[in-house]
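Colleague: One letter stands for each residue in the lines below.
There are 2 protein chains.
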Amino acid sequence: MNKVVVHALLEDAAYQHSTVPVTSGTHTFDYAQVYTRSVRLANCLESLGVRPGCVVGVMDINSHRYLELKYALSMLGAIIHPINFRLSPQDVLFTMQHAQDEWLFIWDGFGELGATVSKSIPHTVWMSDITVHEGGLEYESLIDEGKFQMPRAASHVRPEDIYSIFYTTGTTGQPKGLRYSHQQMLMGSLQIAHHLALHDTGATLSAQDVMMPLIPFFHIHGWGTPFVAPYLGTPLILPERSNALEQISLIQRHGVTWINMVPTQLFMLLEAAQSAGVQDLPLKILTGGSPMAMGLARRAAQFHMTFSMIYGGSDQLGSAISTAAGLTGDDRIKQLSTHMMPFPMVRMEVRTATGDLVNADGQSLGELWVQSPWLPDGYLDNPEQSQQTYINGWFRSGDLAIRYPDGSISVVDRMRDAIKSGGEWIASSTIESILSEVPGVKSVAVIAVPDAQWGERPKAIVEASPSVTESILREFLRQAVKQGQLAKFAVPDVFQFIHQMPVTSAGKINKAALRTQ
Amino acid sequence: MNKVVVHALLEDAAYQHSTVPVTSGTHTFDYAQVYTRSVRLANCLESLGVRPGCVVGVMDINSHRYLELKYALSMLGAIIHPINFRLSPQDVLFTMQHAQDEWLFIWDGFGELGATVSKSIPHTVWMSDITVHEGGLEYESLIDEGKFQMPRAASHVRPEDIYSIFYTTGTTGQPKGLRYSHQQMLMGSLQIAHHLALHDTGATLSAQDVMMPLIPFFHIHGWGTPFVAPYLGTPLILPERSNALEQISLIQRHGVTWINMVPTQLFMLLEAAQSAGVQDLPLKILTGGSPMAMGLARRAAQFHMTFSMIYGGSDQLGSAISTAAGLTGDDRIKQLSTHMMPFPMVRMEVRTATGDLVNADGQSLGELWVQSPWLPDGYLDNPEQSQQTYINGWFRSGDLAIRYPDGSISVVDRMRDAIKSGGEWIASSTIESILSEVPGVKSVAVIAVPDAQWGERPKAIVEASPSVTESILREFLRQAVKQGQLAKFAVPDVFQFIHQMPVTSAGKINKAALRTQ
Chain S
1 MNKVVVHALL EDAAYQHSTV PVTSGTHTFD YAQVYTRSVR LANCLESLGV RPGCVVGVMD
61 INSHRYLELK YALSMLGAII HPINFRLSPQ DVLFTMQHAQ DEWLFIWDGF GELGATVSKS
121 IPHTVWMSDI TVHEGGLEYE SLIDEGKFQM PRAASHVRPE DIYSIFYTTG TTGQPKGLRY
181 SHQQMLMGSL QIAHHLALHD TGATLSAQDV MMPLIPFFHI HGWGTPFVAP YLGTPLILPE
241 RSNALEQISL IQRHGVTWIN MVPTQLFMLL EAAQSAGVQD LPLKILTGGS PMAMGLARRA
301 AQFHMTFSMI YGGSDQLGSA ISTAAGLTGD DRIKQLSTHM MPFPMVRMEV RTATGDLVNA
361 DGQSLGELWV QSPWLPDGYL DNPEQSQQTY INGWFRSGDL AIRYPDGSIS VVDRMRDAIK
421 SGGEWIASST IESILSEVPG VKSVAVIAVP DAQWGERPKA IVEASPSVTE SILREFLRQA
481 VKQGQLAKFA VPDVFQFIHQ MPVTSAGKIN KAALRTQ
Chain V
1 MNKVVVHALL EDAAYQHSTV PVTSGTHTFD YAQVYTRSVR LANCLESLGV RPGCVVGVMD
61 INSHRYLELK YALSMLGAII HPINFRLSPQ DVLFTMQHAQ DEWLFIWDGF GELGATVSKS
121 IPHTVWMSDI TVHEGGLEYE SLIDEGKFQM PRAASHVRPE DIYSIFYTTG TTGQPKGLRY
181 SHQQMLMGSL QIAHHLALHD TGATLSAQDV MMPLIPFFHI HGWGTPFVAP YLGTPLILPE
241 RSNALEQISL IQRHGVTWIN MVPTQLFMLL EAAQSAGVQD LPLKILTGGS PMAMGLARRA
301 AQFHMTFSMI YGGSDQLGSA ISTAAGLTGD DRIKQLSTHM MPFPMVRMEV RTATGDLVNA
361 DGQSLGELWV QSPWLPDGYL DNPEQSQQTY INGWFRSGDL AIRYPDGSIS VVDRMRDAIK
421 SGGEWIASST IESILSEVPG VKSVAVIAVP DAQWGERPKA IVEASPSVTE SILREFLRQA
481 VKQGQLAKFA VPDVFQFIHQ MPVTSAGKIN KAALRTQ
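Line by line, the protein sequences give chains S and V.
Residue numbers for the first sequence follow full-length UniProt numbering, so the first one is 1 and each next one is one higher.
Residue numbers for the second sequence follow full-length UniProt numbering, so the first one is 1 and each next one is one higher.
Everything labelled a hint here was simulated from the structure, so no lab data went into it.
A portion of the hints provided could be inaccurate.
Stated by the list, open to error - Computed, partial: chain V to chain S, Cβ under 7 angstroms:
| # | residue |
| --- | --- |
| 1 | 325 |
| 2 | 328 |
| 3 | 347 |
Stated by the list, open to error - Pair ranges (Cβ atoms, derived):
| # | chain 1 | residue 1 | chain 2 | residue 2 | range |
| --- | --- | --- | --- | --- | --- |
| 4 | V | 282 | S | 331 | 25 to 31 angstroms |
| 5 | S | 277 | V | 276 | 58 to 64 angstroms |
| 6 | V | 406 | S | 277 | 53 to 59 angstroms |
| 7 | S | 156 | V | 420 | 37 to 43 angstroms |
| 8 | S | 279 | V | 276 | 51 to 57 angstroms |
| 9 | S | 249 | V | 277 | 38 to 44 angstroms |
| 10 | V | 28 | S | 380 | 45 to 51 angstroms |
Ideal Cβ placement from N, Cα and C applies to all residues, glycine included.
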């Protein structure tokens, strides 16, 4: 490539890694074919009037078509809006209006939501292997009609042009829109691969891996995997809509070695493996989005999985990944669960409320501030939130963190999830991590409840099998206090058992919902 | 960092890797100290009138001062011109005039050359541990006088601003000037580290390595090592002026694990190791600039060294490094000597004279064309050469190459070094590689001599111990032909023995000199 624009990546892969396979459902292509299809699609869309700067919504599972769209829209200088279909229908429509989507590419498996959403927009293209729909265009027909000739717009696309817009999940209020240029999106994505390769991690990546992204493409473009795979020339397995058992089958069939997913997905994968009698799944896993419970981490190790945690988000892209140079056994697992090393080019500072740096002593708590070359300017059409969050070239994360002498960082809580008791921070994640190791506990959330004397006090909400009682949980915490893992004042006052933990569209525990219950 | 400019790298390292050591001669600093000294220097130079865009020549061995200047000049938005002091004095002065150097920073160990050169320029700063010179300023005094306060210019430096100018060695005519922006210089340098980390190579790099650059900083900034080391946070050992024996001592004392050097330096290092009775030097070596003779490669393996070859140059930066996924033993050594894999983002095409792609069959020869995001626009003030070399976003390398089915490339010769005999290319390097394995042979060069019947025919020029005779060489080649390593018509007609092979300032065999002899 001579310009750092998204479609140049696929063009390079089509030349350098032409025969490397890209598998999606029952389809198997190679990078040369994916490129050809993307060019044809872009060519046809240009003739249909898709112009540079046009915003195109995409609502799809992780498929080859989604992959192609990420490149075809780049060739057109159009802006891709990966729609988070796990948001409420109102929020889905809100993000489409807010982003000013002019076109919608939609998989035909969304049922009622798909029908509702498609009515809201002038141009709809249906993505399916079956080719009959009322109203709208057919994806495969567009490819058939397009010529294998780069759209005229392609050579004018510049690294600084906006490539994508996407939204926060909006656990506190309406989703907020972020826009990233080609250069920002690629730097933020590729730096994940570089960091993983340069460090001793549990998800170390090389050109010899076989990648399967389980993080949905609507979530920060699947953490950059659709860009990293062609960049490295690795085979790419796209899981489409699949359950954990089907994912295990894909892993075994295609020799998948590297996966990304949130801890909840990992839990489901392990449950499925166990029920299917699979004892060995030697995978490298990049996980994040919520803390990794030690119980889950140890269980993954029994399946010969290794993992690292990534820290980042829609409003900063990736910033840090856990490393564990030279460590083995349980020490390694603990370190990989917690110690994030900033990517090269990323600065992370842990600051007090007055802006001073907290000591890098592995204990002092403060707010995490992040700086990187791929930070956005702010939220789209939201000057107030932007001003509060993007300050002098820094991103104010709202996360409570610790810095260690070696420069690594532990994010212990969202500031709003942490409990401030008697002037001291209590990190909900610390208590959650300990309780998750109690046999029979499936899920734990610790939230703050108002307290007249202390300001706030922690309350534990637990999903567990019937054998688990409050006194068992209290005994576990008493031992943790004894071993120095937990301050005595951090032991929750109240324990509540529930049948099913509420989760957000991103698969995280929905603490906002728990607080209002 | 929030902008991809050179000095932001050191600023990050001073924060993230503050206590990691940088050793130079008898001095040991850490990244925080190197940063402090660089800021003080830049601050003082700003007060002395060094403005953005000002060209500053630096003539120094690989020292901490050279390292500091690379960052201090970035902070000022000035342009660093690393002067190749191995050029002839006339050429040194030519490059300084051509680049329009306004300041000169010069080590006081260059003797007469230093005195001559320093007279040619208005502002001279002497770099030394001793602080008495007639005329000019003293480097350490500038640091003492400067405040620890970023120069005002620093925040205005942009990624697209010119960071550096340097020159080709000019084996064919006058040195040609190349200018690179901050972004180009950093991308081209860091992509070396990324490629090494992502692939199975003989010089795989990680954040756990200890780096010692033996490639001089005047040569493409030591192949980017002064940028890569702080980026990774690895210790950096700067060899200053040292002979091979002293280098071995540095390696052992500081636990050096990663070195770059040309094959000639490797040869000298192995000779020194052998004479000193050192049997084990487990180093990862990035080498290039001239072919790696198999004899040298096998000898390095006996010392437990591993290596990879880099392909690149002043007029393209780095473009490819040899890889050897899954290979072991002699197969691995052979592959690492020859099979270059383009960096991600680099396109390499092997084309016929009429511009068609040659078959990727591992045999067909053609000219290598290179495309990358860090290519320069052209040579400085040299529109004619620029037009012939930089064509439609491609760099026309003038190298004769082969492409393999796996996408790797072998550069077999400079086009001008290859022999065209009866319409067929003969690569001089193939013959040189075979003859270098004859016991007693120290150095071989094969050049073209005019021939009435065939157009050109190969002639071998050999530096060897007295025991080596022409009939021994001929017998070796006869065996190589028998084993299919060499075409019969490629066997040289004439063998000439010489006492000492002439070399260029870059340590390569000077074939131009051999041709005129």
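Colleague: Give a verdict on every hint.
Modeller: Hint check:
A distance limit of 7 angstroms between C-beta atoms decides the matter here; for residue 325 of chain V the minimum to chain S is near 6 angstroms, and the interface restraint holds. Interface restraint check: residue 328 of chain V against chain S, minimum CB-CB distance 15 angstroms, threshold 7 angstroms, status violated. Interface restraint check: residue 347 of chain V against chain S, minimum CB-CB distance 6 angstroms, threshold 7 angstroms, status holds. The hint said 25 to 31 angstroms for the Cβ distance between residue 282 of chain V and residue 331 of chain S, and at roughly 27 angstroms that hint holds.
Evaluation of the 58 to 64 angstroms hint for residue 277 of chain S and residue 276 of chain V yields a pass: the beta carbon distance comes to about 60 angstroms. Taking the beta carbon of each, residue 406 of chain V and residue 277 of chain S are about 38 angstroms apart, not inside 53 to 59 angstroms as hinted. Remark: the range hint 37 to 43 angstroms for residue 156 of chain S to residue 420 of chain V is upheld by a beta-carbon distance near 42 angstroms. For residue 279 of chain S and residue 276 of chain V, the hinted distance range of 51 to 57 angstroms is satisfied, since their beta carbons lie about 53 angstroms from each other.
One distance hint, 38 to 44 angstroms for the beta-carbon pair residue 249 of chain S and residue 277 of chain V, is violated here, with the actual separation near 59 angstroms. Checked against the hint of 45 to 51 angstroms, the pair residue 28 of chain V and residue 380 of chain S passes, with Cβ atoms roughly 50 angstroms apart.
When each numbered hint is compared with the structure, violations occur for hints 2, 6 and 9.
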